[in-house]
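A.B. asks: Since the structure of chain A is provided, determine the placement of chain B on it from the hints.
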Amino acid sequence: MYRDQQRVSSALRLILGFIALVATFTSIGYLPVSAGEASPRGVDLTGKAIDPLRATPGEPVVLIFIRTDCPISNRYAPTIQRLSSRYTGKAVFWLVYPDKAESSAAIEQHLRDYGYKLPALRDPQHSLVKLGQAQITPEAAVFDASGQLVYHGRIDNWYKEFGRARPAPTTHELDDAIQAALKGEKPQVATTDAVGCYISDLE
Amino acid sequence: MMRAWRPAGLALELVVAVAGSGTIGFAVRATSAPLTTGAKTPVYLHALRRMPEALLYPAANQKVTFNRDIAPIVYHYCASCHRPGEAGPFPLLTYEDVKKHGRQIVAVTQTGFMPPWLPEPQALKFADERRLNSDQIALIKTWVDQGMLQGDAKDLPPPPKFEPGWQLGKPDLVVKAARPFALSATGIDTYWNFILPIPISEARWVKAVEIRPGDKRLVHHANILVDRQELSRKLETSPGAGFGGMEIRIESELFDPDSHFLFWKPGTVPYVEPDGMALRLDPGTDLVLNTHLQPSGKPEEIQPSIGIYFTDKPATEHPMLVQLECDSQLDIPPGEENFVVHDEFTLPLDVELLAIYPHAHYLGKDLLATARLPDGTTQTLIHIQHWDLNWQAVYRYEQAVPLPKGTVISMRYVYDNSEDNVANPNHPPKRVRGGNRSSDEMAHLWLQMLPKSSPDSNRDPRMVLQEALARHHVERDPADFEAHYNLGAMLQARGDVGGAEAQYRAALRLRPDDAVVNNALGTALIGLGQVDEAMRYFTAATRARPDYFDAHYNLGNALAVQENFSAAAEQFRDAVRLKPQDADAEANLGSALAQLGELSEAKTHFVRALQLNPNHALARENLQLVEQMMAAAH
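Chains as they are written, first to last, in numbering that gives the first Met the number 0: chain A, 0 to 202; chain B, 0 to 633.
Extracted from the complex, chain A is given alone in its bound form (with noise of 0.2 Å):
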């Protein structure tokens, strides 16, 4: 059904994605954050540089990088705060807005239409991004309760690719991860290719 290009450039993501994962794994003490760097922020909507991984320590911490005008990322709005309602008091939930061209206003509108209940921050430096390995809008990241990156990758399995989507979602790799974070376990899948939009046109 699909194209053989889309499958080349999907194997080839996924190639990425475990080097970076190796990366991540062997530079132990990369988080938390080393003496003298700068700590990953992002910025609330009233200005503040806020490090979601500081703000609540001892608990998972899970981001979820989206934008305003991403068909895909707004469809999953439910979900989203479906999940974390069902963690309240045990993860904590973050929406990130990666584009530097989203406004506080914006984001509070978006909030409000899409029924969101999270706290927000913006990434104009893509800091959090980094910090999360995030390319796509949505795409989750999960970091447990010391702090390590332990999954980042797609919310669940709902869409293959764009246009493309199941009734329903068939695996749920972040409910999976987050459960795994609580249990101070590593999830058995560790990172994934997510379907939206790309994180690096924003550059």
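Please keep in mind that the hints were generated in silico from the structure rather than gathered at the bench.
Take these hints with a grain of salt, some might be off.
Chain B residues, not near chain A, derived (Cβ > 12 Å throughout) [stated by the list, open to error]:
#1 Ile104
#2 Asp127
#3 Pro156
#4 Pro158
#5 Pro170
#6 Thr185
#7 Phe242
#8 Pro298
#9 Val421
#10 Gly494
#11 Arg508
#12 Arg535
#13 Pro613
#14 Met628
Listed next, with one range per pair, are the computed distances between beta-carbon atoms [unchecked claim]:
#15 A:Gly183 x B:Ala240: 49 to 55 Å
#16 B:Ala240 x A:Thr87: 34 to 40 Å
#17 A:Thr45 x B:Glu336: 38 to 44 Å
Virtual Cβ for every residue (Gly too), placed ideally from N, Cα, C.
C.D. replies: Just chain B now, with coordinates in the frame of chain A:
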């Protein structure tokens, strides 16, 4: 009209109608039949009709730039939907817009997801094709790989101009859905039907219908079905509420002379029918707008409207929607990746093919339709290798395709019921059969054809085509209820009443309680002189559907033939109650009452019939007769 009373001397004589209330029974298979669109080319397409081919290939030492190389492609293929208020989720009108989605555009053009155009390239061209060629796709990728250069401002072509508001100008009539539909934030795709009553007091000819489906980001496609008998209203829980359902069926008891596709999909340009092919709208007609809605992630409201453009030029040419289908062959085992169904139909006369609409549900994979001409050549009518229900559409040929008598139209659809089909609604896959629910599967091919000749000059060529089609369906699937009924109706229309009776009886064996077929069989039996037996079926029809005007009317006539005027009057009273505007029913009620000696009341009904139709000769003659009788009694 044959149904009427004729005065003979002083006695009133009844002539019974042969066909149900003077109409030819005809069950149009109107499942989700679609669409329309067409014609006026919008300004922006005029401006950009010719892609600057020379600019597609920058010189070897030149880098690809937006202004010179990419903007013409984006303006031509993307901007009509990717602009505010249209279906595209973000605008693609400027360099900044496009740069912000550069890699995404590479990905979606390489998979063929955008621009959305399902058919493979073929010799028979479709109007308004929206397809990038491989050079254009490669050029976009090169541009992104080279860093998305903007280029020289003087290379930038003028931006596309769009008509604001209604694309065809101010409509003659705008009809808006009575109430919005509330689409939930999440969940699977929803199919919702809005009933749009058309407020006209006399028959009008329509040259175009522009569909404004509401928020275009949410509506994947929409099509209009013509409901001439207000049958859909029964599906609403309250008037104006609308009703759900992917495949809707509107049975028509009329031989619908105006078979047009009325369809909207993102980027659609409203179609203006050529002179002589207007759509007839009668008072009391409802248009039913069938919409496919996709949740966006937040709660939404959709309230469509349509704009209607009238013409003074009545239809002189009558296209038909011909449907091939293989639903009865659909019984797809779980896991089956290549389940094939096939059908062939030989044209009984010359036609021109105007448009085509292939339709399957979520398991459809590869949809092919071909025409094998009498000279042995084969033409691909449409081939969709990667079917996607979300992007179903009516495809109109750039030029009408002449298909001579004897051409074999063939459809071959392939289905994938494996786990690999992401659209598969069942996880794990399960057995799926043909049917109307979205969880069932379908294999339909609709063809809009203009019959060009009739082997029998006395017959409407559409009826020749319809009879051949119904016979084809009956031979292929003896359990096809509608085909038996339609074949019966066509045979009855050309005077083969015995043949019609056999087909109606076959249909009735499949659905003994169907009111329309019981009524039709009754009319055939009347035609054969078997009034007693006819009454059985008319009675069954009134029991099956107590609000069925035709059955009451015909039963009244049959009773009158047997001179049971008292019972006849009761049936005519029911008929008048069900259709107060029917002059014939009033006239016959008057006649039955006159037979019963109720001259004063009879007179009232003759007067009423004449108010409804001042040219009703029978009512006039009978009124005079009754007045003479009343005068004589004094």
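A.B. asks: Are the hints correct? Go through all of them and say.
C.D. replies: Status of the hints after comparison with the structure:
1. Ile104: 9 Å, violated
2. Asp127: 20 Å, holds
3. Pro156: 23 Å, holds
4. Pro158: Non-interface label on B:Pro158 holds, nearest chain A Cβ at 20 Å vs cutoff 12 Å.
5. Pro170: Holds, since 30 Å exceeds 12 Å.
6. Thr185: B:Thr185 is in fact no farther than 12 Å from some Cβ atom of chain A, at 4 Å.
7. Phe242: It holds; B:Phe242 is separated from chain A by about 22 Å at its closest Cβ, greater than 12 Å.
8. Pro298: B:Pro298 not clear of chain A: closest Cβ-Cβ about 8 Å, inside 12 Å.
9. Val421: 4 Å, violated
10. Gly494: 52 Å, holds
11. Arg508: 38 Å, holds
12. Arg535: Holds, because the least Cβ-Cβ distance between B:Arg535 and chain A comes to about 49 Å, which exceeds 12 Å.
13. Pro613: 59 Å, holds
14. Met628: 72 Å, holds
15. A:Gly183 x B:Ala240: 49 to 55 Å: The hint (49 to 55 Å, Cβ to Cβ) holds, given that A:Gly183 and B:Ala240 are roughly 53 Å apart.
16. B:Ala240 x A:Thr87: 34 to 40 Å: The hint (34 to 40 Å, Cβ to Cβ) holds, given that B:Ala240 and A:Thr87 are roughly 38 Å apart.
17. A:Thr45 x B:Glu336: 38 to 44 Å: 55 Å, violated
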